[in-house]
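Student: Protein chains in written order, with the numbering used here: chain A, 1 to 248; chain B, 1 to 325; chain C, 1 to 286.
The set of hints was computed from the structure by calculation and includes no laboratory data. Errors might be hidden in some of the hints.
[Unchecked claim] One-sided and incomplete, this derived list gives chain C residues near chain B with beta-carbon spacing under 7 Å:
| hint | residue |
| --- | --- |
| 1 | Lys85 |
| 2 | Ala92 |
| 3 | Leu95 |
| 4 | Leu96 |
| 5 | Gly100 |
| 6 | Val104 |
| 7 | Glu107 |
| 8 | Val223 |
| 9 | Phe226 |
| 10 | Val264 |
| 11 | Phe267 |
[What the hints assert, rightly or not] Some chain A residues near chain B, calculated using beta-carbon distances under 7 Å:
| hint | residue |
| --- | --- |
| 12 | Phe13 |
| 13 | His70 |
| 14 | Asn101 |
| 15 | Leu104 |
| 16 | Cys110 |
| 17 | Leu117 |
All of these numbers come straight from a predicted model, not from anything done at the bench. Note that CB positions come from ideal geometry on N, CA and C, so glycine has one too.
Each chain, written out:
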Amino acid sequence: MSILELKDVHKDFSGLKVLFGINLALEQGERHAIIGPNGAGKSTIFNLITGKYTPSRGKIFYKGEDITGHPPYKVARLGLARSFQITNIFRTMTVFENVRNAILAKNRVCFHIFSRLAKMDGIEEETERLLAQIGLLERKNELAGELAHGHQRSLEVGLTLASDPELILLDEPTAGMSTEETLEAIKLIDRVTKGKTLVVVEHDMEVVFSLADKITVIYYGKVLASGPPEEIRDNQQVKDAYLGEEKK
Amino acid sequence: MKKSSFRRLALALAVLVLLLIAPHTLTILQIRMVNEIAYFALFAVSFNFLFGYAGLLSFGHATFFGLGAYTAALTLKHIAGMPLLLSIVMAGLVGAIGGAIIGFFCVRRKGAYFALLTLAFNQFLWAIAWKWREVTGGEDGIGRIVPQGSINLGILSIDPTKVEGMYYLTIAVVCLCLALGWYITQTPFGNTVKAIKVNEERPLFLGYNVHLAKLFIFTFSAFLAAIAGSLFALFQDFVATSSIDLAMSTQVLFMAFLGGTGSFFGPILGAAIYVYFTDWVSSLTDRWEFILGVLFILLVLYFHRGFIGLIPKKLKEALVSEKSS
Amino acid sequence: MEIYFIQFLHGLVYGMLLFLVASGLTLVFGMMDILNIAHAGFYMLGAYIGYTIVTMTGNFWLALIVAPVAMGLLGSLVEQYFLKKVHMHGHAFELLITFGVFFVIGEVVKWVWGTFPRPVDVPSSLAGSIHFMGITYPVYRFFILFFSFIILAVLAFVFLKTRIGFVIRAAVSDAQMVGALGINVPRLFLYVFSGGAALAGLAGVVAGPFLSTYPGMGLDMMVDLFVVVVIGGFGSLLGAFLASLMIGELQSFGILFIPQLALVFQFLLMAAVLISRPAGLFGEKV
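All chains, full assembly: derive it from the sequences and hints.
Tutor: Written as structure tokens, this is what we have:
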């Protein structure tokens, strides 16, 4: 059974049709990259999977369960986590508080009123552990909004991973990064997503070919091709689509 | 960590002691003023749970203040032998229920939409209070609410028909509620509310049921406001549509802003300044509301952190160690 | 039968008046994401200025010019010196400052003109009633209808046929984009905001002889405005138009059939819309 399945998913926004019958199936542990020109619908697919939008038609299944139309928090609690293309952190809170927010959610204590936060040692430990994993432990008391871009991206990834998700969706994780930062990011992503299922939307082909087992190309709301990297690399349609776009 | 909470506790105890011995050194008028400040402080803090903590601006918070006031009045008037303390509890409950119902409709929306919805509901309930004369007495209201007799708590006895008795009752209830409120801000739920204000979207994807969190804080805020309202009704020994009208909603907004919405204590300071100031200015001129309005505009333009922003940062942090936003 | 027609006309008159005021509000919201609470204050102040001019000079037409100009000026002051300054602190502060302005306008009105209603005389040229399709109806109310339709036609023309109208519509849709295309967006905001204020002031003058001037008229209008914008959708002129007419008619007939509920009628309607269609009937921005 596939861990994630999109069956004939369509999406239109008040007349503007963005996705035309997307079919996608992911196996557990797979590392899947979604590529395609801008505006092709890649982020929309993410938003549909994670519940921000509801498909106009079609269904989405997670581990066999129909999650079509589930609100984002329900999807998150099932074990899917996503990162954002534009860093979506708690800017006026410290790095520590940022990660703690995620850890609190993971431990399902969002509505807890029977103990004081400062006294919850388990939470504090878990938070510090994750901070160490993403390399931000020394910066834990800095304001998230004042971090350098690269560190903000690490925090972004950290928030995504905090819930210990089974399926991780990363939306252009290396956007705006230098070559060095990108290499570091690839290593980090590789390390932290071991054994989990990963879906990455990316433009940087370096990242795609380093990480992915399977690539799906989205072109104007439709799946153009889907398969292992070598296949995609040699696919004439894909080449035409991409090179055609670049020539424009 | 431990040092600052010890300091905070010491400060709280000092204030409490001051409040307890105050009636012996103040005039009757002054005691009544502190009484007024107390329940308005609770009202303003309840407002700030919505605005300062959750980022929800309400233009109709008097709805719950009024619900509490009317509940206290009506239960005392129509239920024979109704204990005073129970009427306050009932007020809180009715406020909470009202908060849950109205909150359900309001919290689905954001910003301006939310603000105007709260205003619309406020106007709606005001209209009902105004029209339903048989129950609420309309504009003329309900008078002589406080029953004769003291409240007996074993070793203590408080007579709310006396100025001092009402004072102690108010202080006790308000301090209890403020302590509860403060405690909530220190819990994971309190953190949830703060996080939602900072970033509306991310918590959703982390697994927070943002909508429900907003509903809970709205209900809690309504609960506190209603208790404040009941104390108001008891203090005045009178309830009318003035407890639930736009002027009352505006007043609590001004109070919270005056003090500073970036902290827990700001609105308390704001209530104190507001009560004292309006008392003073209204004795000088009839146009005090106009002056208030102009001051409010100036506050929003130039001084939006409120008066609590005047306290030197170091002193604030040493005493309270709470970050303002 | 006649009574229904009369009520229908009442509803139409009030509905058109409501639309005159609501149009500025909904445009400003659509473009600038600001719900101007002071808007109802501009309406009220315009009505009172109208009252003063009519009482002092007897010239209604003069009032029709002075009040909108005055409100336009006030609007531009509010936009330039208050809204702009507060913009960086976020929408809550914009709401608060417009709320503050509304409050101060209310106090100024009470100060200058007192707390009792001040009826405005209908201009002599528009006095009396005419016989029309079997009923007798005041001339002045026909004037309101006629005048509103002219304004509506002008607005529609400006919007649909002129370049500035096109730019405004584009800005309602995406102000940032319009700015990137070289349009001076801050100046545009200023014009639309003051224009809306002027229109509200104009509606106030026209409303004077019809509804009389009283200190609560700002709040009454604000509540109706809110219901209109909720039902019609934030930012939609067409929605505001249809919703205004709907509110006008519903209130008119509501008072006829169930007078006890008249006060709460609009709220029930609003609640119904809120439950069924959160984004209103036409708007997208919630």
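Student: Looking back at the numbered hints, which does the structure fail to meet, lowest number first?
Tutor: Per hint list: 12 and 13 violated.
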